[in-house]
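Novice: Chains as they are written, first to last, in the numbering used here: chain D, 1 to 307; chain H, 308 to 665.
The reader is advised that the hints may include incorrect statements.
Estimated spans, in silico, between C-beta atoms of each pair [as the list claims (entries may be wrong)]:
#1 D:219 - H:610: 36 to 44 Å
#2 D:219 - H:343: 42 to 50 Å
#3 H:569 - D:156: 48 to 56 Å
#4 H:569 - D:153: 33 to 41 Å
#5 H:605 - D:139: 24 to 32 Å
#6 D:85 - H:425: 34 to 42 Å
Calculated directly from the structure, the hints in this document are not laboratory data. These numbers were taken from a predicted model, which means no experiment stands behind them. Glycine included, each C-beta is placed from N, C-alpha and C at the ideal position.
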Amino acid sequence: MDTLLQQLINGLTLGAVYALVALGYTMVYGIIGLINFAHGEVVMIGTMVAFTIIVSLAGSGMPPLLILSVGLLIAVVACMVLGWGLERVAYRPLRHAPRLTPLITAIGMSIVLQNVAMIIWGRNYITFPPMIEKQIYEVAGASFTNVQVAIVVLAALVMIGLTYLVQRTRMGMAMRATAQNQHVAQLMGVDIDRVIAMAFIIGSALGALAGCMVGSYYEIAHYQMGFMLGLKAFTAAVLGGIGNMAGAMAGGLLLGIIEALGAGYIGDLTGNFLGSHYQDIFAFMVLIVVLMFRPSGLFGERTGDRA
Amino acid sequence: MSGRFGRSPRGMQHWLGFLLLLAVLLAIPFVAALGGQAWVRIANFAILYVFLALGLNIVVGYAGLLDLGYVAFYAVGAYCYALLASPHFGIHLPFWVILPFGAAVACLFGVLLGAPTLKLRGDYLAIVTLGFGEIIRIFMNNLNAPINVTNGAQGITLIDPIRIGDFSFAKTSTIFGVTLSGPQKYYFLLVALAALVIVVNIRLQNSRIGRAWQAIREDEVAAKACGINTRNIKLLAFAMGASFGGIAGGVFAAMQGFVSPESFSLMESITILAMVVLGGMGHIPGVILGAILLTGLPEALRYGIEPLQKAVFGRMIIDPESLRMLVFGLALVLVMRFRPAGLWPSSLRRRELSEATD
Chain D
1 MDTLLQQLIN GLTLGAVYAL VALGYTMVYG IIGLINFAHG EVVMIGTMVA FTIIVSLAGS
61 GMPPLLILSV GLLIAVVACM VLGWGLERVA YRPLRHAPRL TPLITAIGMS IVLQNVAMII
121 WGRNYITFPP MIEKQIYEVA GASFTNVQVA IVVLAALVMI GLTYLVQRTR MGMAMRATAQ
181 NQHVAQLMGV DIDRVIAMAF IIGSALGALA GCMVGSYYEI AHYQMGFMLG LKAFTAAVLG
241 GIGNMAGAMA GGLLLGIIEA LGAGYIGDLT GNFLGSHYQD IFAFMVLIVV LMFRPSGLFG
301 ERTGDRA
Chain H
308 MSGRFGRSPR GMQHWLGFLL LLAVLLAIPF VAALGGQAWV RIANFAILYV FLALGLNIVV
368 GYAGLLDLGY VAFYAVGAYC YALLASPHFG IHLPFWVILP FGAAVACLFG VLLGAPTLKL
428 RGDYLAIVTL GFGEIIRIFM NNLNAPINVT NGAQGITLID PIRIGDFSFA KTSTIFGVTL
488 SGPQKYYFLL VALAALVIVV NIRLQNSRIG RAWQAIREDE VAAKACGINT RNIKLLAFAM
548 GASFGGIAGG VFAAMQGFVS PESFSLMESI TILAMVVLGG MGHIPGVILG AILLTGLPEA
608 LRYGIEPLQK AVFGRMIIDP ESLRMLVFGL ALVLVMRFRP AGLWPSSLRR RELSEATD
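Whenever a hint applies, use it, and build me the whole structure from the sequences.
Specialist: The following block contains the structure:
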């Protein structure tokens with residue numbers, strides 16, 4: 001029983017992070033139908049920037065919470081600029097190119113970012129400095145830390161804010177309009193270049209935030225961390241129905257929980273035939289099963305057979 | 308059929324071109340060997356990738372099914388060969404049994420992947436195939452306990468080379484007065500295999516099946532309405548692409564004598580896809596060009612960057628390995644930026660693109 005609760009808590013934490021990254025994928029996909037393969041790398045760069053700022057401020061005698069906030073803020077801004085630049089340099093010129101072309105540029109950008117990060121921060125794992133003193137709480141045999149609480153609460157707040165932005169503001173309305181039909185939105189006076197840039201900027205900001213969360217949760221960062229994280233988050237976005245924001249949030253949480261439960265129980269279920277290093281296959285197994293029965297994801301609308 | 312190879316001046320030109328190509332292909336392993344056997348191996352890999360890229364071209368270029376897990380079939384073929392021709396299980400079957408067997412198993416996996424994903428479109432399919440590739444890799448990495456099947460991350464070593472009687476592809480031997488090293492022999496084998504896949508690609512292009520694939524690529528609903536059995540035809544594309552992947556894997560295992568899960572990462576799938584798209588999807592010469600360029604470029608950079616840095620800065624400023632990948636990534640971006648349809652697209656595709664697109 002305590003395993004169940006424990007894995008649910010861990011899954012929720014991880015799921016919150018997946019959801020934030022998945023939102024970045026889904027916003028871009030919803031608007032221009034592009035899998036932004038470089039998004040995982042944006043998350044990684046965010047983590048690395050935050051790491052650098054925090055380490056360089058650590059000796060300055062500022063209160064830890066302030067240092068953390070400053071690091072986070074600079075990382076978010078840096079990623080916003082990066083996201084905007086990516087769209088400008090790699091995707092905007094290809095908006096009318098064949099469908100697979102921007103996919104390859106996205107992959108190219110991902111390779112470039114990864115190697116730039118490696119040149120700057122090196123090949124080794126770097127330890128993310130713990131800024132808040134870790135406190136462990138125990139409830140009904142399961143334990144969790146204040147870092148986990150902070151991650152889940154912050155993620156929830158950000159998602160509420162984002163929902164407000166998309167549903168209630170003019171910018172959000174423009175985004176929804178562009179997602180539905182670019183040409184008509186343009187006729188209605190929506191500046192779609194701005195909307196698309198905005199989707200990248202917001203997505204990257206969320207990614208930076210998620211990166212800082214992962215960094216402080218695992219207390220470790222690496223130049224290749226963006227790859228698997230991005231892959232899982234993208235899986236989450238597809239699971240929920242790509243292009244659908246509520247779907248990305250739900251998909252992220254679901255994937256995190258499934259993965260945690262899977263890792264906790266796989267040994268028992270298979271009589272120790274399969275161990276917890278099979279954790280990574282759960283995400284994909286669940287994805288395949290879900291898509292077999294709901295080809296557009298859990299919350300994706302049936303778009304019919306449009307080309 | 309008085310066209311292609313007839314006696315007209317154009318026919319003569321075709322023959323001359325063909326002979327020239329043959330001469331170049333014959334000369335490559337000997338010229339490359341002047342710079343060391345390493346260069347022959349690079350040429351071998353270039354041709355192996357031509358083979359793989361053309362296999363994937365059937366799935367992505369013809370049928371328009373975006374497959375990001377192609378390397379899974381390559382892996383299945385390689386492991387089939389490795390398990391059935393190495394001391395790992397003590398089984399040593401001859402290659403002419405294992406290669407077709409590996410192709411058949413890969414084909415089975417292709418259908419296994421294809422069947423549940425028939426309803427999926429575009430990017431949903433992409434992520435499922437990607438997931439499938441990862442699942443296969445994770446299994447290869449971990450199937451060493453409780454029963455040691457794949458030997459985990461260490462991989463399988465001492466795989467038998469391809470051998471016909473006493474004639475082994477791993478050793479240097481002299482045929483008709485010409486001394487051939489191991490890699491050089493594999494080179495000719497690979498060229499023969501590549502020729503096979505090229506012929507299959509050409510023959511498929513304008514066949515009934517090929518046209519059905521193109522119809523599905525352009526508009527699946529319309530294709531179905533025209534009486535094409537989209538289910539079987541799509542499965543066929545998967546199965547066929549997968550079998551070629553399986554054969555390539557088998558040859559890879561024999562040539563290297565060693566397989567490990569590391570060779571079958573997602574990056575590998577992506578690189579093969581990049582070859583297809585960068586060269587010009589659905590266009591055979593384009594895909595071949597893409598495969599050769601993307602195999603050759605990183606190697607050329609490997610040998611070029613170090614001296615260049617030393618010459619310009621006087622010392623190594625940036626780790627050459629990451630700089631190499633950096634240039635590779637930039638090249639992908641730039642080529643796609645300035646040649647969105649690929650380096651050498653088919654004329655049909657170019658015509659489609661110049662029309663209003665949406």
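Novice: Indicate whether the distance between the beta carbons of residue 605 of chain H and residue 139 of chain D respects the range 24 to 32 Å.
Specialist: 53 Å, violated
Novice: Range hint 42 to 50 Å: satisfied by the CB atoms of residue 219 of chain D and residue 343 of chain H?
Specialist: Given about 46 Å between the Cβ atoms, the range holds.
Novice: Within 48 to 56 Å or not, the Cβ separation of residue 569 of chain H and residue 156 of chain D?
Specialist: 39 Å, violated
Novice: Could you see if the CB distance from residue 219 of chain D to residue 610 of chain H stays within 36 to 44 Å?
Specialist: 40 Å, holds
Novice: Quick one: are residue 85 of chain D and residue 425 of chain H within 34 to 42 Å, going by C-beta?
Specialist: About 39 Å separates the Cβ atoms of residue 85 of chain D and residue 425 of chain H, which means 34 to 42 Å holds.
Novice: Could you say whether the range 33 to 41 Å given as a hint is met by the Cβ separation of residue 569 of chain H and residue 153 of chain D?
Specialist: Once the Cβ atoms are compared, 40 Å apart, the range 33 to 41 Å for residue 153 of chain D and residue 569 of chain H holds.
In summary, the numbered hints that this structure violates are 3, 5.
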